[in-house]
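A.B. asks: Take the two lone chains, each set in its own frame, and fit them into one complex as the hints suggest.
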Amino acid sequence: MWIKKLKMGKYSKSMFLKNKITHKVSVIFVLFSFTIVPNAFAQQMSEDGVKTLSQEQLDGFREQAIKTINDLEKFVQVIANKKNSLDKKNDAIELALDLFISDTTTIEISSLSSNKTHIYPIGGYLARLKLLPYLSVKITWYKIYLGTQFVKGPNGYYYGSATFLQKFEGRSNNEMGNYTDVTKRHIIIVLKKLDLLNGDSKTNKYVLKLGDIKVEETTHG
Amino acid sequence: MVKHLFLVFVAFFIFIDLGKGQITFGMDSIMLQRFDFEDKQIAEFFDRFNYKEPVKFANNLKSTRARNIIALINLKDTGLSHSPETLNFLNLVSNDSNEVHLGFYDENWYAISHCSFSYLNKNCLIDIILKPEAGLDSSYRWVIFDVKSDIFPAPTKANRNITFINPMDHEVGFSELSKALIKRNSIFQYTSDSYRADYLSAFLIMVKSGILKFNQINFVDFQFLQVKGWEFTVKNFNRSDYNSGWLISSIKKMTETEKHDYIKNHFMNNL
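Chains A and B supply the protein sequences, listed in that same order.
Going by this note's numbering, the residue at position 127 of the first sequence is 127; the numbering climbs one at a time, nothing skipped.
So the number in this note's numbering is just where the residue sits in the second sequence, counting from 1, plus 221.
Treat the hints with caution; some may be incorrect.
To be verified - Dumping the calculated SDA-like pairs for lysine to any residue here, alpha-carbon to alpha-carbon at most 20 Å:
(1) LYS167/A with SER250/B
(2) LYS352/B with ASN439/B
(3) LYS192/A with TYR361/B
(4) LYS456/B with GLU216/A
(5) LYS404/B with SER422/B
(6) LYS192/A with SER360/B
(7) LYS116/A with TYR361/B
It should be emphasised that the hints constitute simulated quantities derived from the structure, not laboratory data.
With the rest of the complex left out, here is chain B (with noise of 0.2 Å):
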């Protein structure tokens, strides 16, 4: 099977080739041309993915559910297309025993919107990562299910020894309070051991009371953990090729245990 889809992979680089060499018209005629071949929404990559849609090829190169995935995967990036682990997740979500699809309604993906915003009259990056959250009545919505940047450090964590508002500082109205408020750089510190920074909340509360301020989402990828074993990001690479648009751009063996650390460690801040 692994040889077959090398094979598949072959023909693919012939095939992308071939269509480089029929584009001789205008920038208008490239983008028309392009237009059938691209992936054009996510839900066309659902829809590829799960080969409801099968792709069109130049010289009538017959669509198969393999093609079809491979058609979906950022060939520009050798390291990507050529490695053992693509070609062993192309053997498990082409193969139709194995029951593979993706749908809207899956729970574990996820949008992470890369976003510029202005604080402290500095522009700064956020990225807003979003999941689709259903209602009792089956209907969706996006939510906003966390925030990471640069402007939110993990705390570190306190020296006891050192930093901490000595156990009579009561009697004096907590002056060691003041001093760590106007200190500010080891605020973290003086927080309890099972304190975990909820930074959601707090972009929530700057975005809303206008200490961040909002300027552009800079571009969005998504995250897909819904095949067992497996992660995969999807980018929407813009270019002038048949194979653009959203693309997948990196896969990665993960288990369900990973997962769900994954989850907690870069989208929850371990809460």
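Chain A with its partners taken away, still in its complex shape (with noise of 0.2 Å):
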């Protein structure tokens, strides 16, 4: 069924997580349905160091990004329901974290309770997610803007960064009451170049991955 999906290009991450498919073919899924960068980009990723891209690749590139920031938001929307299993909570995680470009990625927090912001490694911050005693939390992505320039590091990658605004919806029924924030937030996007063998000849792809996360501003929802 959800191979006949991938094919058609319809396939949703919301009904992977409904169905019960293996971790591991999710994993795989997630790789090569969203995140892998087209040919036709990856191959205008020269050797300059600065590549500066067209409206056109920008407008694939915000898609491949948004798909991939999209994901994130259902991963912590599983990750953050009271009424998912801890098995399925700990499944999202590690969809979640295979988004990033690495564990050591960080994501800054603040809250509309203390002018002070934390940064949490994107693993305990989704782990922390997950005893967060919220029935269920909503998580929406307004707007995204993507910077056009991406710069080339030493390690070869290519880095650029993306700025959105992301309302958060945390609804209880205890003491604690309802939670609303709206943040505006950027976030590094890495394209992670790999090499890929078909036969005897070998190409160059380009997988996008997400970085440090930073909070610029937090307001009332």
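C.D. replies: This is the structure:
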């Protein structure tokens, strides 16, 4: 079923999570359906240190970035939803972590109740999210602005950045009450170079991964 | 041209007021509306400065390169927005025939990361100056270029007649060196006339040894010296206004010789 939909390009992550498909298959799915940057784009990632993308490339790449961030959104909702089993939450954490470039990636967290922000490793943040006492969590991304420049790092990866607005709505039926905020965030977008073997020939692909996330501003939703 | 730019200024102020009047929704709506207008990233600052990304103005006001660059200035600072220097700068950079463009790969721009550290159990502020550095393979990375802080004061020049280790002190095992090291305060005065303090090395050793403990980065701003004859700084203005985000906070005339001296004096401790 899911293979058929994958071929048709209509398979959504939420449908996938609802169906009981193994974790291993899902990782492959994430990698190949959402995060590989199109060939035309990869070929144009020349040896230039700074690549300024055309509007056409940006539009294509924005789609990839939005899909990846949307995947993260869906995983976060599964992780934070109290109705879900621990196994399902842990699977979602693993899938979410796979969207990031490394386990040293950090996320800065803010709250309306404090002027201070806190920086957590992404794994620690997702583990904390799992324990939040909300009945349900809804996270909505309003807008995503993708910077036009991608700069090659010493490791051969290309680095860009995106800015987005995120609305967090946590529902609770206990004394904690409901919580809503809107946050402006910046996120590093990494194009990780992969060498793929096809018989005798080797081709380069770029896989889109997420990097550190910084919070810029938090207000009432 | 100057007159023309002044008119653009006036038009822009009207635009700002009209823009504010339109905001009547909740806070998230304000953020939502502001998102398209504000300058969200340094990459976006470059694109708007270079007129690769026309700024979206309210009331269908047509974008021009001059308006684009005016929108990149902190217009709340009337001293800056009305200064003749600002208008001269705008005249230069908005004229396409002058071909003034900014890019990540430019050599002469710096990030200043304003950090807080703990030093001897007290909070202290240290500015870490970073610059992009290109590798042989055309890759780039930000490198720490220098540090500035009150904990690294400029050393006072030695008074050769008062503070010195006498020329025969080696015969007594440098007893006066011991005194200088115990006294500590005037230790810099016992160095050679050619000595120049390298605070970056001191900073790196202090961080590595744990004497200096990092707390947080408070904010970051940028200094651009690549426009011929000019220097300007860019800061992040996080406010509920369309004129927000990464904006030019100061503009100064600076000759290339002055820039060279400025970098030497401010970023390299005269090294």
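A.B. asks: Compare the structure with each hint and give your call.
C.D. replies: Each hint tested on the structure:
| no. | hint | in the structure |
| --- | --- | --- |
| 1 | LYS167/A with SER250/B | holds (11 Å) |
| 2 | LYS352/B with ASN439/B | holds (18 Å) |
| 3 | LYS192/A with TYR361/B | holds (15 Å) |
| 4 | LYS456/B with GLU216/A | holds (14 Å) |
| 5 | LYS404/B with SER422/B | violated (23 Å) |
| 6 | LYS192/A with SER360/B | holds (14 Å) |
| 7 | LYS116/A with TYR361/B | violated (32 Å) |
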